[in-house]
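Engineer: Okay, here's what each chain looks like letter by letter:
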Amino acid sequence: MKLPPLDYALPRSLDEAIALLSESEGQAKLLAGGQSLMPTLAFRLATPALLIDLAAIPGLDRIEITAAGVRLGARVRWVDIEQSEPLRTAHPLLVAAMAHVAHYQIRNRGTVGGSLAHADPAAEWPGLCVTCDAIIEVIGPAGSRLIEAGAFFSGPLSTHLAEAEIITSITLPAWPRGRRWGFQEFSRRRGDFALAGIALHYDTDAAGRVLDPHIGVIGACHSPHRLRAAEQAISGQVLDDVLIEACAQAGSAEVDPPTDLHGSARYRRALVHAMLSRALQQA
Amino acid sequence: MKQPITLQVNQNTYDIEAEPRRTLADALREDCGLTGTHLGCEHGVCGACTVIVDGDPMRACLMFAVQAEGRAIRTVEGLAAGATLHPLQQAFIDHHALQCGFCTAGFLMLATSLIERADPPDDQELLDALSSNLCRCTGYKNIVNAVRAASVALRQR
Numbered sequence: 000m001k002l003p004p005l006d007y008a009l010p011r012s013l014d015e016a017i018a019l020l021s022e023s024e025g026q027a028k029l030l031a032g033g034q035s036l037m038p039t040l041a042f043r044l045a046t047p048a049l050l051i052d053l054a055a056i057p058g059l060d061r062i063e064i065t066a067a068g069v070r071l072g073a074r075v076r077w078v079d080i081e082q083s084e085p086l087r088t089a090h091p092l093l094v095a096a097m098a099h100v101a102h103y104q105i106r107n108r109g110t111v112g113g114s115l116a117h118a119d120p121a122a123e124w125p126g127l128c129v130t131c132d133a134i135i136e137v138i139g140p141a142g143s144r145l146i147e148a149g150a151f152f153s154g155p156l157s158t159h160l161a162e163a164e165i166i167t168s169i170t171l172p173a174w175p176r177g178r179r180w181g182f183q184e185f186s187r188r189r190g191d192f193a194l195a196g197i198a199l200h201y202d203t204d205a206a207g208r209v210l211d212p213h214i215g216v217i218g219a220c221h222s223p224h225r226l227r228a229a230e231q232a233i234s235g236q237v238l239d240d241v242l243i244e245a246c247a248q249a250g251s252a253e254v255d256p257p258t259d260l261h262g263s264a265r266y267r268r269a270l271v272h273a274m275l276s277r278a279l280q281q282a
Numbered sequence: 000m001k002q003p004i005t006l007q008v009n010q011n012t013y014d015i016e017a018e019p020r021r022t023l024a025d026a027l028r029e030d031c032g033l034t035g036t037h038l039g040c041e042h043g044v045c046g047a048c049t050v051i052v053d054g055d056p057m058r059a060c061l062m063f064a065v066q067a068e069g070r071a072i073r074t075v076e077g078l079a080a081g082a083t084l085h086p087l088q089q090a091f092i093d094h095h096a097l098q099c100g101f102c103t104a105g106f107l108m109l110a111t112s113l114i115e116r117a118d119p120p121d122d123q124e125l126l127d128a129l130s131s132n133l134c135r136c137t138g139y140k141n142i143v144n145a146v147r148a149a150s151v152a153l154r155q156r
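These protein sequence lines are chains A and B, in that order.
The letter at position 267 of the first sequence is residue 266 when you use numbering that gives the first Met the number 0, and the numbering goes up by one with no holes.
The letter at position 136 of the second sequence is residue 135 when you use numbering that gives the first Met the number 0, and the numbering goes up by one with no holes.
By construction, these hints were calculated from the structure, which means they are not laboratory data.
Worth double-checking, as some hints may not be accurate.
What the hints assert, rightly or not - Partial list, derived from the structure: chain A residues whose beta carbon lies under 7 Å from chain B: (1) LEU5; (2) PRO38; (3) HIS102; (4) GLN104; (5) ARG108; (6) ARG189.
No residue lacks a Cβ here, since even glycine has one placed at the ideal position from N, Cα and C.
The whole structure should be built from the sequences, with the hints applied where relevant.
Structural biologist: Following this line, the structure appears as structure tokens:
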């Protein structure tokens, strides 16, 4: 379908964008890459009166790597992450996951800020943010605030962003040397949305025991979340095949997947088991 | 309300008037008269409308015409030099890489961006990239063969 009638604004600063958002009284949507927003408009699932394009606001497209971690401006695109040489060592899990994000043309336009605001439960990036304890910086009429990724999503396609707030950056905590990681995902076609995916990382002590495991599930549930029982199953232990199986069982038991057109709850649970077990073997 | 938009397509300038909701794909077809770019799904799944914007392939149905102002757009009409086909177009014929032809313009633009890269894609990258466009006739094998052959031909010129 053709897109609904709308106005278009191209503000030059965040202040200008916030003012436009506030004045619109909920009738405006922010436009970054548009790779999820435009299909939503084409299906007339959203009919905003105004689109506020963030393309001309300076500084939102930077990737900064500091001792505190990796800071991605909201308008950083998937292709920017994919092609960043420093990120390969600064955050290998992030770079590896990019291969699963959408298709080639879409990675040339899709952005990290847009994906979080859209909050598709099957998208990789929100799941990565939750797994990696990302901090999301937003700005609104009252100033800026930081939101933990784990407290950002309120359900499928919905977040705790206030009406006139704009995501400005996402910070992933620093990646210690030697950290182990795995990323596994199942989708019907490479680049399609995940039926189930697992992102995980953990550190090890001198004896090879697992420290501080972070295991996140993507696509199989209503929102991305950590798998606490699975994390507990391996914490403080030395991984072997028996433990990997126990962890995968714990993870698939604690998820609550929906049954829909794309797969049954039982199928998705089995996928979580398989993806978790493979991700641990990969790590 | 319609507004003036200037598009640079295949190094030609098009001064058009279009509403902000106009996608780049519709603007190319309806306002510039460049109907070589095809529209399949109109929501970013099929890739038939792929064009090259500032060197990168993009889905023209997922971009507003107003966002393309001031950027260098390339469409399938810009590939051939007069009556001489682009090596990729010739390779598609030689390898029987099209049947109905509806998806072909999108595949040509996607593949053009791939084979023009400084580091040509290896087979796995090629498969990954080409799988982002849908073809319901050929089964892809001949498309992959054509792109691989054109990639080699382009480098030998």
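Engineer: Checking hints one by one. Is A/LEU5 an interface residue toward chain B, by the C-beta closer than 7 Å rule?
Structural biologist: holds (5 Å)
Engineer: Would the stated hint for A/HIS102 survive a check requiring a Cβ distance to chain B of less than 7 Å?
Structural biologist: With a minimum Cβ separation of about 3 Å from chain B (threshold 7 Å), the hint on A/HIS102 holds.
Engineer: Go through the hint on A/PRO38 and say holds or violated, using the shortest Cβ distance to chain B against 7 Å.
Structural biologist: Given a least distance of 4 Å, the restraint on A/PRO38 holds.
Engineer: Does A/GLN104 hold up as a contact with chain B if the rule is Cβ-Cβ below 7 Å?
Structural biologist: holds (5 Å)
Engineer: Go through the hint on A/ARG108 and say holds or violated, using the shortest Cβ distance to chain B against 7 Å.
Structural biologist: Check passed: Cβ of A/ARG108 comes within 6 Å of chain B, closer than 7 Å.
Engineer: Just to be careful: measuring from the Cβ of A/ARG189 to every Cβ in chain B, is the smallest value less than 7 Å?
Structural biologist: holds (6 Å)
Comparing the model with each numbered hint stated earlier shows that all of them hold.
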